[in-house]
Amino acid sequence: MASRSQLRLIFMQFSSITFGMAAIYSLYIINKSGGLIYYKDYGSSGRMDTNDSLRVASLWHSMHAISQQLSPVSGCTGIELLQADTFDLHCFQSLTGTKFFVVCEPGTQHMESLLKFSYELYTDYVLKNPFYEMEMPIRCELFDINLAQAVQKDRVAFLGR
Amino acid sequence: MIGVGKMKQYGNVLDKPLNKGKQEVSLSAFAFLFSEMVQYNQTQVDNIGELERRLEDAGYAVGARVLELLCHRDKGNRRETRLLGILSFVHSTVWKVLFGKVADSLEKGTEHEDEYMISEKELLVNRFISIPKDMGTFNCGAFVAGIVRGVLDGAGFPAVVTAHFVPMEGQQRPRTTILIKFAEEVLLRETRLG
Amino acid sequence: MAPVAPRSGDAIFANVERVNAELFTLTYGAIVRQLLTDLEEVDEVNKQLDQMGYNIGIRLIDEFLAKSNVSRCVDFRETTDVIAKVGFKMFLGVTASVANWDADGTCCSIILEDNPLVDFVELPDNCQGLYYCNILSGVIRGALEMVSMKTEITWIRDVLRGDDAFELQVKLLKQVPEEYPYKDDE
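If you read the sequences in order, they're chains A, B and C. So the first sequence is residues 70 to 230, counted in my numbering. So the second sequence is residues 556 to 749, counted in my numbering. So the third sequence is residues 406 to 591, counted in my numbering.
Only chain A is shown next, with the shape it has when bound in the complex (with noise of 0.2 Å):
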């Protein structure tokens, strides 16, 4: 587990981000041991380095974990969405335990849509590639292309309301 002080640190890059013009500002799946398999920044400032982006996933991978024994209620599958001063954090899981999440500013919408919608773009253009391997990092053109799409959309929904 990441100390205190480096959470600060990596929550303070995520608050950098605002000042730039996107709602979204980073897109990260990981895996179901917990490695980071994609990340991908759409924020025009504030870009996270590889370590960074790296610990900021194997935290949230814990975090998750974590949060599913405290959590009160029974059969939690784990924290959805964290709010911060400066960013929302949303999340999905998959039955199979791969973790999608997004974040981005406070209170933009639409955020589980995006996040179920790159779920469905991970079968067609992940899954189906015959040179993707499972579990490994995902280098896969088309769904870079399409994930950038959807992102795109959601902005335009997000700036048009």
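Hints in this document: simulated from the structure, not taken from any laboratory. Quick reminder that beta carbons are idealized off the backbone N, C-alpha and C, glycines included. Mixed in with the good hints there might be a few duds.
Claimed, not checked - The calculated SDA-like cross-link candidates involving lysine to any residue, where the alpha carbons are at most 20 Å apart (straight line), are: (1) K168/A to K472/C; (2) K185/A to V552/C; (3) K185/A to D213/A; (4) K472/C to R682/B; (5) K168/A to S473/C; (6) K579/C to G166/A; (7) K577/B to T500/C; (8) K101/A to Q580/C; (9) K656/B to K579/C; (10) K651/B to G640/B.
What the hints assert, rightly or not - Computed far set for chain A versus chain B, every beta-carbon distance over 10 Å: (11) K101; (12) T119; (13) R124; (14) S127; (15) L128; (16) I135; (17) S143; (18) C145; (19) I148; (20) S163; (21) E174; (22) N198; (23) P199; (24) E210.
Knowing the structure of chain A, use the given hints to seat chains B and C on it.
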């Protein structure tokens, strides 16, 4: 016999009536099967050329059967005997049955008399596939090239058929062109037939 | 608040993109031919088909979960029911039924009356030991393993071997409880 199901029994597969070809499965089922076929074939080869050849061979087996099936069912046991006829049969009839649409275009090669091209903006088999950078110009359309070769060969039009990505202006993704190069005998016969 | 699982896959199948079953059938046939050429022994082909099915199953399960809106099944009985009524329909456009439950609810049969894999197929004399549809058992085994169920799947009836239907026996070996790996500090 215990609990006879709805499935009708035929002593011989040849007694079974040929269905109309209207049955469907999900594109996903096909895509997963195709993906697994590519993965299996990757374990059987040392280089990309061999992978292309193996996918083409698999496609050839499909093409040979498609020809028989369609000639019997859709063409009253007749088949095309002229070059343009067989090309249009591939581009229209075969494509429609296998991929649900007529191919985007059929063109004659500009540089060589014996070359024809069938192009598709997005080949069905490539719908979900991203080729890794280290595989260069490899195209899973080799399977479709094999289907085309199987149809042509079975109909008496031997040819070398290959699949290529062709970048398109203003498009993010390249299209796939199936290049058909007919054997010399085919062109000689065409000339004789006039 | 659990969403209601659809009773059948008809609506899903109607909404997904579909292809002519003949492309699927002939492609599968081409795969079986490749395996027979590469591996020669029918037993080896059976094993490889099962392995390929498993490889598909561990991927296909996510598509099933993402696009079927099926929620977590309460038990093995519900799981097999969903596979038969929703899974087979959603992917292959055919419906299967579940029968022959054992007393403790850990073993049953999935029965297929229609199977697009075997159109045009007849087993030649030298392939009588071939489980032509063995890929299906691998798919189910792989898919269930991804949702923590270890199963063993056996063919009971096979139309290509002269039976009147396809029957797959699905036996639950163990249900692995969900565990989260807690790694030490790195």
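Checked hints:
no.: 1; hint: K168/A to K472/C; verdict: 17 Å, holds
no.: 2; hint: K185/A to V552/C; verdict: 18 Å, holds
no.: 3; hint: K185/A to D213/A; verdict: 16 Å, holds
no.: 4; hint: K472/C to R682/B; verdict: 18 Å, holds
no.: 5; hint: K168/A to S473/C; verdict: 18 Å, holds
no.: 6; hint: K579/C to G166/A; verdict: 19 Å, holds
no.: 7; hint: K577/B to T500/C; verdict: 17 Å, holds
no.: 8; hint: K101/A to Q580/C; verdict: 18 Å, holds
no.: 9; hint: K656/B to K579/C; verdict: 46 Å, violated
no.: 10; hint: K651/B to G640/B; verdict: 16 Å, holds
no.: 11; hint: K101; verdict: 20 Å, holds
no.: 12; hint: T119; verdict: 19 Å, holds
no.: 13; hint: R124; verdict: 27 Å, holds
no.: 14; hint: S127; verdict: 26 Å, holds
no.: 15; hint: L128; verdict: 30 Å, holds
no.: 16; hint: I135; verdict: 35 Å, holds
no.: 17; hint: S143; verdict: 35 Å, holds
no.: 18; hint: C145; verdict: 32 Å, holds
no.: 19; hint: I148; verdict: 31 Å, holds
no.: 20; hint: S163; verdict: 16 Å, holds
no.: 21; hint: E174; verdict: 28 Å, holds
no.: 22; hint: N198; verdict: 5 Å, violated
no.: 23; hint: P199; verdict: 4 Å, violated
no.: 24; hint: E210; verdict: 4 Å, violated
Consistency with the previously given hints fails for numbers 9, 22, 23, 24, ordered from lowest to highest.
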